[in-house]
Amino acid sequence: MQFSQEDFEKAKEQVNLLQDEPSDDIKLKLYALYKQATVGSCNIPKPSMLDFVNKAKWDAWNSLGSMTQDNARQSYIELVSSLVPAEPSPVNEIPPGSKYETLEVTTKDNITKIMLNRPKRKNAISVKMYNEIMKALEEAANDDSTITVLTGNGDYYCSGNDLSNFTQISPGGMEESAKNSAELLKKFVQHFIDFPKPLIAVVNGPAVGISVTLLGLFDIVYATDQATFHTPFSNLGQSPEGCSSYTFPKIMGLTKATEMLLFNKKLTAAEACSQGLVAEVFPDSTFQKEVWARLKAYANLPKKTLAVSKQLIRNMEKEKLYEVNSQECECLMERWLSEECMQAVMSFMQKKSKL
Amino acid sequence: MQFSQEDFEKAKEQVNLLQDEPSDDIKLKLYALYKQATVGSCNIPKPSMLDFVNKAKWDAWNSLGSMTQDNARQSYIELVSSLVPAEPSPVNEIPPGSKYETLEVTTKDNITKIMLNRPKRKNAISVKMYNEIMKALEEAANDDSTITVLTGNGDYYCSGNDLSNFTQISPGGMEESAKNSAELLKKFVQHFIDFPKPLIAVVNGPAVGISVTLLGLFDIVYATDQATFHTPFSNLGQSPEGCSSYTFPKIMGLTKATEMLLFNKKLTAAEACSQGLVAEVFPDSTFQKEVWARLKAYANLPKKTLAVSKQLIRNMEKEKLYEVNSQECECLMERWLSEECMQAVMSFMQKKSKL
Amino acid sequence: MQFSQEDFEKAKEQVNLLQDEPSDDIKLKLYALYKQATVGSCNIPKPSMLDFVNKAKWDAWNSLGSMTQDNARQSYIELVSSLVPAEPSPVNEIPPGSKYETLEVTTKDNITKIMLNRPKRKNAISVKMYNEIMKALEEAANDDSTITVLTGNGDYYCSGNDLSNFTQISPGGMEESAKNSAELLKKFVQHFIDFPKPLIAVVNGPAVGISVTLLGLFDIVYATDQATFHTPFSNLGQSPEGCSSYTFPKIMGLTKATEMLLFNKKLTAAEACSQGLVAEVFPDSTFQKEVWARLKAYANLPKKTLAVSKQLIRNMEKEKLYEVNSQECECLMERWLSEECMQAVMSFMQKKSKL
Chain A
1 MQFSQEDFEK AKEQVNLLQD EPSDDIKLKL YALYKQATVG SCNIPKPSML DFVNKAKWDA
61 WNSLGSMTQD NARQSYIELV SSLVPAEPSP VNEIPPGSKY ETLEVTTKDN ITKIMLNRPK
121 RKNAISVKMY NEIMKALEEA ANDDSTITVL TGNGDYYCSG NDLSNFTQIS PGGMEESAKN
181 SAELLKKFVQ HFIDFPKPLI AVVNGPAVGI SVTLLGLFDI VYATDQATFH TPFSNLGQSP
241 EGCSSYTFPK IMGLTKATEM LLFNKKLTAA EACSQGLVAE VFPDSTFQKE VWARLKAYAN
301 LPKKTLAVSK QLIRNMEKEK LYEVNSQECE CLMERWLSEE CMQAVMSFMQ KKSKL
Chain B
1 MQFSQEDFEK AKEQVNLLQD EPSDDIKLKL YALYKQATVG SCNIPKPSML DFVNKAKWDA
61 WNSLGSMTQD NARQSYIELV SSLVPAEPSP VNEIPPGSKY ETLEVTTKDN ITKIMLNRPK
121 RKNAISVKMY NEIMKALEEA ANDDSTITVL TGNGDYYCSG NDLSNFTQIS PGGMEESAKN
181 SAELLKKFVQ HFIDFPKPLI AVVNGPAVGI SVTLLGLFDI VYATDQATFH TPFSNLGQSP
241 EGCSSYTFPK IMGLTKATEM LLFNKKLTAA EACSQGLVAE VFPDSTFQKE VWARLKAYAN
301 LPKKTLAVSK QLIRNMEKEK LYEVNSQECE CLMERWLSEE CMQAVMSFMQ KKSKL
Chain C
1 MQFSQEDFEK AKEQVNLLQD EPSDDIKLKL YALYKQATVG SCNIPKPSML DFVNKAKWDA
61 WNSLGSMTQD NARQSYIELV SSLVPAEPSP VNEIPPGSKY ETLEVTTKDN ITKIMLNRPK
121 RKNAISVKMY NEIMKALEEA ANDDSTITVL TGNGDYYCSG NDLSNFTQIS PGGMEESAKN
181 SAELLKKFVQ HFIDFPKPLI AVVNGPAVGI SVTLLGLFDI VYATDQATFH TPFSNLGQSP
241 EGCSSYTFPK IMGLTKATEM LLFNKKLTAA EACSQGLVAE VFPDSTFQKE VWARLKAYAN
301 LPKKTLAVSK QLIRNMEKEK LYEVNSQECE CLMERWLSEE CMQAVMSFMQ KKSKL
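Residue numbers (the UniProt record's numbering), protein chains in the order written: chain A, 1 to 355; chain B, 1 to 355; chain C, 1 to 355.
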């Protein structure tokens, strides 16, 4: 089947309208094919090792070698059409009129439920989602609910920071990008430190990265037996955040915390429970039913008493948590600008793009 | 069988001589029958919701409806006679000449043993017992013993704060009462923070409320497998004390501590042990024998060395514990004066008085 | 068999050439027999209780009663000859040219391995070994390795402080000795607090005393199922060190920490793991293989990232750890000069010398 230039232009437009953001490897593939189709074989100098985003793009383009522009155009069109969903995405995923794009937020039975809602991206946290979670927490703090619950839609609880956040370099360059990211992260974590009501995580599947480290700031964590807990920071040349450098050693002792935070050990739900990160593990088949029955009972307890008791416990270490959050973000900012981190992220992305 | 007015007067006197203080529901019943017998049907206006003691009394009286004065007198006499023990209570419970009414304190084998001794009230801590425990700790701190043990007489270790303490409103009104209670509590907890020798809890049965939260301040906790650990504060509109808002998250991690302190989770002895609140659990049948053999061995170790080592560990967080104790008592005082707490306590007492 | 005076002189010389330092009880026996052989029955006044080294020597000599000088000489020669090894000790224990006498230090695969190397003394830490460990840590901190490992040669990980350190009273008397020991200890522990890279303990067998308490300062602890963890301080009238009075309650909760640090409870490897002191326990048969495979993988992670993450976690409590170390050493210094401690050490040594 032969495609026209018109098909190509149409495909180009469809990319911008995709409901689900493609993964990083797909994006690199799209970039490479588009360049090959419009420019021909890669004809620009190889970027420096430190300029890791452009290096990754260059690698993708260059890997197409001498593919003809026609073949590239055709591959591009085919790839795009495979990304466009055959059916419109089910409307029940996001309630009509919802003010959130990446979350579904509902309040019922004295419980405000914040559900991460990018199931096709395994609920990876994009910049948009960071901002929406903060907004949802601010609203939950002030609404009439007694407790607030964070959970994920689909198989994953959350796959962590969306690595595509890394590819959005601000005009001020790498340093400004790193600074902005660190500030966003700091503000984000602070929302969890300051949250004034009982905050409960319902971990419905695998949790990765910052969605794990933040658990130390939740008042209760319940998990399905299908959940896992993984913080592969060192692999990516990065240091821990979410106050985990303080909360994890406090919860599970230094030696088990170090295995996770420095050496990428992935915990099963049972291990996370015996190490004190999770309060209780439920069989996946009855998880939602059992947990929500329990949460409804909790939400009937005297509301102010619960808030006051939570704050009594939290206030004792609030100053410490602020300090930890600052130090962690500063440390991460330095990491992001380090060659070790750049090479680690680049090698990770290249591994993924070798489909 | 018909009772005379003389029988009624005699019953009235017997009430004041009862060796064991009746429970709150019995007291309300006695009050109601006495009023019905002497005044007739309830004829006073319903007290305000906030005046919760008088409201409870009014409810009890009012619940008797149009019962005749004769029937009320008869019921009163029968109730009192059921409370008077057939036999004099065994003298071995409190050694003759003991200076404590609510405790039995003995020193033997380098061990001072403080036994809560109100078994018929499940060793609930009355105001008198609060004061006697403080006195006993002061004496144990200065005697020749090497270690000090706290335990309970009978099936319970301790059922927590005696709720009848709530009904003793001081002349200065609710606020003064709350302030006095908070000051008593603060002084009481401070005795545990400051205790200079190894302090060991021998938990011989269920433990409730403050008898649980204080365990975080003991150097060792041993428990029978019949023990349970329950802190139903939120049910009663109250916040945690005994430094548990600091010690419990430190011992078992925030998520498991919150389940107990905010959401009333009752732990088995095995759970308390795996969460680090209890050092070891023993089968009930051999509990006393095994534990006391071990304690006798402990008490033969060099006395000053043990005291110095305990203080080395404790002094590192003493200032923190003082601060926590203050904040908890202030928080509780506010709770006691809150409508949420009053309603919760009242509803609890009414449930109990519906025999 | 009869021995000549020449044999006796030769035996005397051999004692000074022994490759392995004899145990304390053997040394006391040698002293006693030598005195009995050269002077006759004990003829000096009994030293005071406080002068515990001389008291121990006097006891040993005096216990020989009226043994003849000839018999004493013969026993002395026999004892010495039993201490001289038949074969020269295997040279592979200490690599030729090693600058360490008590350690074997190697760097390979990005790992610096510091192995305690006095297997015949169960890797007890002599004053020399204290100094060599500090030197080895300083070098490991600055070399190219990614992680540093401490382990023991032979069946033991480490049997703790070499009690013969106690018998080296400095010319300034007991007080100066105690002060010097406390200063050495403080400097030693500080090397662990300050160590800048991931520090991992590979506990290959029983661990005693300071080798246990220091584990709270390691980033990861792996153990064979043959390991045990024992801190019998109170038995010897001593208080805990190595920052364990802070790290142990933090890791395992106060009640389980007190059982170890005050009441000499010895933990199995499985118990140490469930209490959070050990990250994972391995079957002894595969211990070395499994652990080193894992460590090699760890050592391939980005080096700076690991160091930065470790320091992020450690720096949060560094000031606290310095303070704890100071207080512990001061406390121990007082203990060492206390009668309780002197009597406890003496009674321990006498028990050992009653062969």
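Source of the hints: derived by calculation from the structure; they are not laboratory data. Note that the coordinates shown come from a computational prediction; the quantities given were computed from them, not determined experimentally. It cannot be assumed that every hint is accurate.
[What the hints assert, rightly or not] If the Cβ cut is set under 7 Å, some of the chain A residues that face chain C in the computed set are:
(1) Phe3
(2) Asp109
(3) Ser126
(4) Gly237
(5) Ser239
(6) Ser245
(7) Gly253
(8) Thr255
(9) Glu259
(10) Phe263
(11) Cys331
(12) Leu337
Note that the Cβ used here is the ideal one computed from N, Cα and C, for glycine as well.
Here is what the structure says about each hint:
1. Among the interface hints, the one on Phe3 of chain A is violated; its C-beta lies about 44 Å from the nearest C-beta in chain C, farther than the 7 Å criterion.
2. Taken as an interface hint, Asp109 of chain A does not check out: its beta carbon lies about 35 Å from the nearest beta carbon of chain C, beyond 7 Å.
3. Against a cut-off of 7 Å between C-beta atoms, the interface hint on Ser126 of chain A is violated, since the closest Cβ of chain C lies about 24 Å away.
4. Given the 7 Å rule on beta carbons, the hint for Gly237 of chain A holds: about 5 Å separates it from the nearest Cβ of chain C.
5. Taken as an interface hint, Ser239 of chain A checks out: its beta carbon lies about 4 Å from the nearest beta carbon of chain C, inside 7 Å.
6. Checking Ser245 of chain A against chain C by beta carbon gives a least distance of about 5 Å; that is within 7 Å, so the hint holds.
7. Because the closest C-beta pair between Gly253 of chain A and chain C is about 3 Å apart, less than 7 Å, the hint holds.
8. Taking 7 Å as the C-beta cut-off, the interface hint given for Thr255 of chain A holds, the closest approach to chain C being about 4 Å.
9. With a cut of 7 Å, the hint placing Glu259 of chain A at the interface with chain C holds, because the nearest CB-to-CB distance is about 5 Å.
10. Because the closest C-beta pair between Phe263 of chain A and chain C is about 5 Å apart, less than 7 Å, the hint holds.
11. The beta carbon of Cys331 of chain A comes within 5 Å of a beta carbon in chain C, closer than 7 Å, and the hint placing it at the interface holds.
12. Hint on Leu337 of chain A is violated. Least Cβ distance to chain C is approximately 12 Å, over the 7 Å limit.
Violation of the numbered hints given earlier is confined to hints 1, 2, 3, 12; the remaining hints are satisfied by the structure.
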